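Chemist: The chain contents come next:
Protein chains: 2
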Amino acid sequence: MRVLLIGFGTVGQGVAEILLEKRDYLAKEKGMEFNVVGIFDKELGGVYRPQGINLEEALETIHSGGNLTQVHGESLDEDPSGFIQKAEAEVMVEMTYTDLKTAQPATSYIRAALDGNMHVVTTNKGPVALNYKDLSIHAAENGLEFLFEGTVMSGTPLISVIQENLISSHIREVKGILNGTTNYILSRMEEGLSYQKALEKSQELGYAEAQPEADVRGWDALAKVSILANVIFGANRKPFDYPCEGITEVSANDLIRVKDQGKRIKLIGKTWMEGNFVKASVGPEEIDFTHPLAGVKGAFNALTITTEDVGEVTIVGPGAGQRESAYGVLRDLMAIGGKQ
Amino acid sequence: MRVLLIGFGTVGQGVAEILLEKRDYLAKEKGMEFNVVGIFDKELGGVYRPQGINLEEALETIHSGGNLTQVHGESLDEDPSGFIQKAEAEVMVEMTYTDLKTAQPATSYIRAALDGNMHVVTTNKGPVALNYKDLSIHAAENGLEFLFEGTVMSGTPLISVIQENLISSHIREVKGILNGTTNYILSRMEEGLSYQKALEKSQELGYAEAQPEADVRGWDALAKVSILANVIFGANRKPFDYPCEGITEVSANDLIRVKDQGKRIKLIGKTWMEGNFVKASVGPEEIDFTHPLAGVKGAFNALTITTEDVGEVTIVGPGAGQRESAYGVLRDLMAIGGKQ
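Sequence lines, in order, name chains S and H.
Sequential numbering from 15 applies to the first sequence in this note's numbering.
Sequential numbering from 15 applies to the second sequence in this note's numbering.
The shape of chain S in the complex, shown without the other chains (with noise of 0.2 Å):
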């Protein structure tokens, strides 16, 4: 199968990384064969070889600091759109940066993959949240697969599980931590520390970002919300639609205080069904200790699913990681390879 690289950021290099170490492994134990023919990234520049792209040297020209241009092939350099119609794939990996308001350029990037009969993966949480009827419609009409298992909870298999296995199961509500910088920022805070202290561990270890807005006003979790609310329950509004807080106003004092309550305060993301209305919201809740979600520490991420014929299932694994997202997308590719 031949596949574009479109981003070729942490996602991207992470995404190369695993296709090279898994190439033998996924030759002899699947019969499937991933042949990056082109790779673009707005930072980077791009490249294509319909032969094939030497990822070693494209990670190697990246790791010192050159540019895809200077990779062995064609040199692409202005807006792809036009290049992925064109090339010569059958799968495009989608890694481009998140805009929660206009979902682009990514929305346009998977409309001309999927019109040049392209299947497409993708990490990139915006055209999920804000475009997922059309284009997993769009993608469906052409007998073409639209994944996204690393959009939440990186590779940790949930999108996966709740499409292929527990769609079935009559889900009624999804509720879950989706965050991992703000449950790692609460973790700490329970521990003592302050919110603003708390923050700069966090950006110290990578979770935060500069700009931390996403994640603390719990936007990042929202994207997640909504997307879990377009494939369950077939919702087709904006994340800003629903009501989100995030965890700017929670103090020490307060986790301090429902602990004694045998409580702990967490971001919590859901949404559920109401009469035929689809609800959803973000916000700090207070969890039972013998909630599985009370449980979860650190940058760690985890999702009860609450359905009619299992119960409650809770998947707990990490949200993040540039080795966790790509595997994501090594398993998007390997089913796309399946039903080749």
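Each hint should be verified, as a subset may be incorrect.
Distance condition first, Cα-Cα at most 30 Å in a straight line; then the derived BS3-like pairs of lysine-lysine [unchecked claim]:
no.	chain 1	residue 1	chain 2	residue 2
1	S	K42	H	K252
2	S	K100	S	K56
3	H	K353	S	K42
4	H	K56	S	K311
5	S	K147	H	K353
6	S	K277	H	K277
7	H	K353	H	K44
8	S	K293	H	K42
9	S	K273	S	K215
10	S	K252	S	K56
11	H	K44	S	K147
12	H	K44	H	K100
13	H	K311	S	K273
14	H	K293	S	K44
15	H	K44	S	K252
16	S	K147	H	K42
17	S	K277	H	K273
18	H	K293	H	K147
19	S	K273	H	K273
20	S	K277	H	K215
21	S	K273	H	K277
22	S	K215	H	K277
23	H	K311	S	K277
24	H	K311	H	K277
25	H	K311	H	K293
26	H	K353	S	K44
27	H	K147	S	K44
Don't read these hints as lab results, they were simulated from the structure.
Since the structure is predicted, the reported quantities are computational estimates derived from the model, not experimental observations.
For chain S, the structure is supplied; the task is to place chain H on it using the hints.
Modeler: Relative to the frame of chain S, chain H by itself:
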């Protein structure tokens, strides 16, 4: 797809119920139809009807104390192996009782079905714990599926998550609480009940059998550990080749003592690689409060899967139950239906 149900106890009846309830959903949403053409049970007799058995009639007959031979169709009342092989069906669902020493008669039934060109779904731990390698090769050689989601943690997505997703993430160890009865007993003992009282409570609630050996001596967890060792690490040993200790020697004092050290005693089943050797064991272990397994209370089960690529993923969910197990079977039937 035409389906045979072999074993019509709690789980078998649950499967009939879920197929009835979800008939419209499956037709409309999945484009799938499961038509039960044969039911056989050692105690309740059997019926075969190539046009399809009326499942309402079969359930009502059994609920009112009747026998399957009274149900509209051709009566069956002998050993079903010959019948299985000749029956006109695409899938056999095997749900007879578990025998961990011989895995019979289940293994013979499964071989008969594979020889008769049927896919096989089972909820029976015996054949998968003892004969996974043979049976999976037998199935693969005939281009057939051999699926068993319901054998470990009933309908909680677990076996499918491992086989379809995490299997490529370089799994190093799996470790978990695989028996709900003993977890319930330990949870109650931690609250102050004696072992004997907690056991009686679990019998009242229907968790533990009148003969509770298979649970309290760890054999049920051992069977599940063997299944995981077979599927993940390609082990080919019998369950009783692995060290196994139950909870009969755990005292309320032990539980209270370790609680003061921030730990909880859990009956832990695990399997891992040591060099080229597959290791596995079942026994009580002290689990730190901070580990996701420590918070798993009552009759819930959980498994932590430690991988190279996605770190630690923990799945928590029900470990037993009629509806839950029936959903596990349905998920396997849908997986087969999706590939037709």
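Chemist: For each hint, tell me whether it holds in the structure or not.
Modeler: Status of the hints after comparison with the structure:
1. S:K42 with H:K252: 28 Å, holds
2. S:K100 with S:K56: Holds, at roughly 19 Å.
3. H:K353 with S:K42: Measuring from Cα to Cα gives roughly 22 Å; hence the hint holds.
4. H:K56 with S:K311: Roughly 49 Å between the alpha carbons, so the hint for H:K56 and S:K311 is violated.
5. S:K147 with H:K353: Roughly 24 Å separates the two Cα atoms, so the pair holds.
6. S:K277 with H:K277: Measuring from Cα to Cα gives roughly 19 Å; hence the hint holds.
7. H:K353 with H:K44: 12 Å, holds
8. S:K293 with H:K42: Given that 30 Å is the threshold and the Cα spacing comes to 25 Å, the pair holds.
9. S:K273 with S:K215: Measuring from Cα to Cα gives roughly 22 Å; hence the hint holds.
10. S:K252 with S:K56: 26 Å, holds
11. H:K44 with S:K147: Roughly 18 Å between the alpha carbons, so the hint for H:K44 and S:K147 holds.
12. H:K44 with H:K100: Holds: H:K44 and H:K100 sit about 29 Å apart, inside 30 Å.
13. H:K311 with S:K273: 19 Å, holds
14. H:K293 with S:K44: Cα-Cα ~25 Å, so holds.
15. H:K44 with S:K252: 27 Å, holds
16. S:K147 with H:K42: 19 Å, holds
17. S:K277 with H:K273: 18 Å, holds
18. H:K293 with H:K147: 17 Å, holds
19. S:K273 with H:K273: Answer holds: S:K273 to H:K273 is near 18 Å, not above 30 Å.
20. S:K277 with H:K215: 28 Å, holds
21. S:K273 with H:K277: 18 Å, holds
22. S:K215 with H:K277: 28 Å, holds
23. H:K311 with S:K277: OK: H:K311 and S:K277 at ~16 Å, within 30 Å.
24. H:K311 with H:K277: Holds: H:K311 and H:K277 sit about 14 Å apart, inside 30 Å.
25. H:K311 with H:K293: Holds: H:K311 and H:K293 sit about 27 Å apart, inside 30 Å.
26. H:K353 with S:K44: Satisfied, since the Cα-Cα distance of roughly 17 Å is no more than 30 Å.
27. H:K147 with S:K44: 18 Å, holds
Checked against the numbered hints given earlier, this structure breaks only hint 4.
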